[in-house]
Amino acid sequence: MSQIAPLSFVTIKSQEKKLFGTGLAERLSVEPLVAVYPDAEFPNMYRLVMSLYIPDGQEPVINENFDDMRDEETEAGRLLVRQIIIDYQKSEAADHTWSLWKVIINYAVKGDQAQAIRVMYRIGDPETSRGTVTTVKRPA
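Just so you know, we're using the numbering used here here: the sequence shown kicks off at 10 and counts up by one.
Please keep in mind that the hints were generated in silico from the structure rather than gathered at the bench. There is no bait here: all hints are sound.
EDC-like mimics (lysine to aspartate or glutamate), calculated; alpha carbons at most 16 Å apart, straight line: (1) K26 - D96; (2) K119 - D48; (3) K22 - D48; (4) K22 - D76; (5) K26 - E68; (6) K99 - E40; (7) K22 - E73; (8) K99 - E68; (9) K119 - D76; (10) K111 - D96; (11) K111 - E40; (12) K99 - D65; (13) K119 - D77; (14) K26 - E73; (15) K27 - E68; (16) K111 - E68; (17) K111 - E25; (18) K111 - D65; (19) K27 - D65; (20) K26 - D65.
All figures in this text were calculated on a predicted structure; none of them were measured in a lab.
The whole structure should be built from the sequences, with the hints applied where relevant.
Structure, rendered in structure tokens:
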């Protein structure tokens, strides 16, 4: 069970979306594929890289409020997890195809640091995916 954690403030510095392919019959993953990298020079800067499967004809909508953190029990134990939501509408067609998007977001954190990131799809309202949890580790 998750509990709301202390608020930390996130500023998105840049965001880039690239469409890599359309007309895909199947997705390779039902959850977002996610990697997050700390900046080597700036301790409170991060680079989030996501590969997202979205129904053809739609573009992923990223909820830009990254301030939400929760204290959650994960496979790695109890962690402070930053929540990131990707919105898209459920396709009405039973045989729809998929597009693969790559999204890169550079962001800065002021306040408490998350130990992990959960990126999840919100498909229409209120259906939400389980999400992908990715931990952040600074190089030693």
